[in-house]
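Student: Keeping their order, the protein sequence lines are chains E and X. For the first sequence, position 21 (counting from the first letter as 1) is numbered 21 according to this note's numbering, and the numbering increases by one without interruption. For the second sequence, position 179 (counting from the first letter as 1) is numbered 461 according to this note's numbering, and the numbering increases by one without interruption.
Please keep in mind that the hints were generated in silico from the structure rather than gathered at the bench. A portion of the hints provided could be inaccurate.
[To be verified] When the alpha-carbon atoms are kept at most 35 Å apart in a straight line, the in silico DSBU-like pairs for lysine-lysine are as follows:
no.	chain 1	residue 1	chain 2	residue 2
1	X	Lys426	X	Lys454
2	E	Lys239	X	Lys490
3	X	Lys302	E	Lys253
4	X	Lys403	E	Lys253
[What the hints assert, rightly or not] Partial list, computed: chain X residues near chain E (C-beta under 10 Å):
no.	residue
5	Asp339
6	Tyr498
7	Leu502
8	Thr524
9	Thr527
10	Pro547
11	Glu551
[As the list claims (entries may be wrong)] Every beta carbon over 10 Å from chain E, so not counted as near; a handful from chain X, in silico:
no.	residue
12	Val376
13	Gly472
14	Arg485
Ideal placement from N, C-alpha and C gives every residue a C-beta, glycine not left out.
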Amino acid sequence: LSKKVQAIYLWWHKPVIDQELLQSLPNLKVIANSGVGMDHLDLKLVASFGVKMANARHAVSSSTADTGMALLLASARRLVEGYHVAISSGMEHCEADFLGVEVTGATLGIIGMGSIGYKIALRAKAFEMNILYHNRRRRKEQEEQAVGATYCEKIDNLLQQADFVMVVVSLTPQTRKLIGKREMELMKPTATLINISRGAVVDQEALVTALQTGVIRAAALDVTYPEPLPRDHALLKLKNVIITPHLGIKTDKATRMITEEAVENILAALNGLAMPNEVLPS
Amino acid sequence: MWYHEPVVNEELLQSLPNLKIVASSGVGIDHLDLNLLSSYGVKVSNTPFVVSTDTADLGMALMLASSRRIVEGYQMAVSPDTEYFPADWLGAEVSGATLGIVGMGTIGYKVAERAKAFEMKILYHNRNQRNKEEESAVGAIYCKKIDDLLQQSDFVLLSVNLTPQTHKLIGKRELELMKPTATLINISRGLVVDQDALVEALRTKVIKAAALDVTYPEPLPRDHPLLKLENVVITPHIGSATKKTRRLMMENMVESIQAGLAGLPVPNEVL
């Protein structure tokens, strides 16, 4: 059987692509990933076996941007807490002092203005949010103007001004623990951190401390390290944290589009044609 | 007046001979008998515009939370029994879906503005059609008959005020016209929906889900079936519940009261 395998469609990091697996599949030509992140793959190792790789970068952007907005709104308006108040058996009266923070007109700082970050900016603009962004490269003027985004060359400027900090970078050696103690202390005490990138981009221990001591107001995380977190992890117990089970792209529509994108890439690779979303080891 | 208390009835009005004005928080005034108050020469004010963006924001929050299963997801993420996240656990996409807005007043229009950025197709039903510029600014299509809206929408959002005409506007018939994959979002008043019909529709999967910031009564009795249904998200009437807006509401109310006591024209007077 192992001689027949020419393509792998990776679903949620399984199977693990290591030396052993690659050696056992002599005719493997291509690995297509179900998503955009490639941090779980050793790109150089795979390339050394002459195997091509592809991700599904177009299919993921809208659903992930929607997830970012869903978490921002849910956190700001304390939706999950509110649900528990509404259905709990102890609720005798409406709590008149159950208050959240405003989204319309607030300042959103987007860290990582790629396809997903830009779609978030498009959505946030409709909420009349003031948009700041930090990115490796500055975007073109028309792109900035279309969403009313202001470039912050230094991440510190963004952190100090934002009411909501949205992390949308890919995980690389440069972005590992990008948001740590220093960065959180630069944030406003009324600010919310939203992470839809990778758990390892945030220093989780520093985040726990920041949330416990009111250094920042709240966090909403679709991603953690690891996933799921150990059941006794401090993040699971904090009231000012919303965690979701990496559902960024988990919709029927996105799943179908991702699979279509993967199949397109696999077929191209097997036919010796140019792949639409080839990922090369940089 | 906050949260409909105290109840303003004949007894109360008779006991307060010098009452000049009732300033009500929020925009809804369905809890007040305007004719009765008028007969006692008491003016009424509300806070109509300051609540609009927060309420529209909450409408979007409920739509996203429901379709992406945020509450269920949270429970899975923190549950002591969770060992892994299942691969086949999916929500429904908001981007590109069809949103039907029932009641395109200030709040409904702000919902449309936000939904447009999610590339949603927007249908709306309203007593009056909006003008062409307003419609094209948000890409909204008028449905003169509510049935057309109900049959085509993936999300039906209610943002009408409660009047005798909108009482139980959404009942068994309307729910059955909706797609079985559709979600009902209510940010108006509990009584706009026939709650018993809603429970039945959710139980029998006539519609997929509901997200309600308002119910009748508030809060619901603790044994009410809506509290137990998996495909329902309920929030405790927090449409305008942000620090900033509540302060603005209070400022508006004080302004109205001061004008009312001084015999001056009352800002935000309800006639």
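Student: Work down the list of hints and note, for each, if the structure agrees.
Tutor: Results of checking the hints against the structure:
1. X:Lys426 / X:Lys454: OK: Lys426 (chain X) and Lys454 (chain X) at ~20 Å, within 35 Å.
2. E:Lys239 / X:Lys490: Answer holds: Lys239 (chain E) to Lys490 (chain X) is near 29 Å, not above 35 Å.
3. X:Lys302 / E:Lys253: 57 Å, violated
4. X:Lys403 / E:Lys253: 16 Å, holds
5. Asp339: 5 Å, holds
6. Tyr498: At 13 Å from the nearest chain E Cβ, Tyr498 (chain X) fails the 10 Å test, so the hint is violated.
7. Leu502: At 8 Å from the nearest chain E Cβ, Leu502 (chain X) passes the 10 Å test, so the hint holds.
8. Thr524: 5 Å, holds
9. Thr527: 7 Å, holds
10. Pro547: Interface hint status for Pro547 (chain X): violated (29 Å vs cutoff 10 Å).
11. Glu551: 24 Å, violated
12. Val376: 5 Å, violated
13. Gly472: Gly472 (chain X) clear of chain E: closest Cβ-Cβ about 12 Å, beyond 10 Å.
14. Arg485: 17 Å, holds
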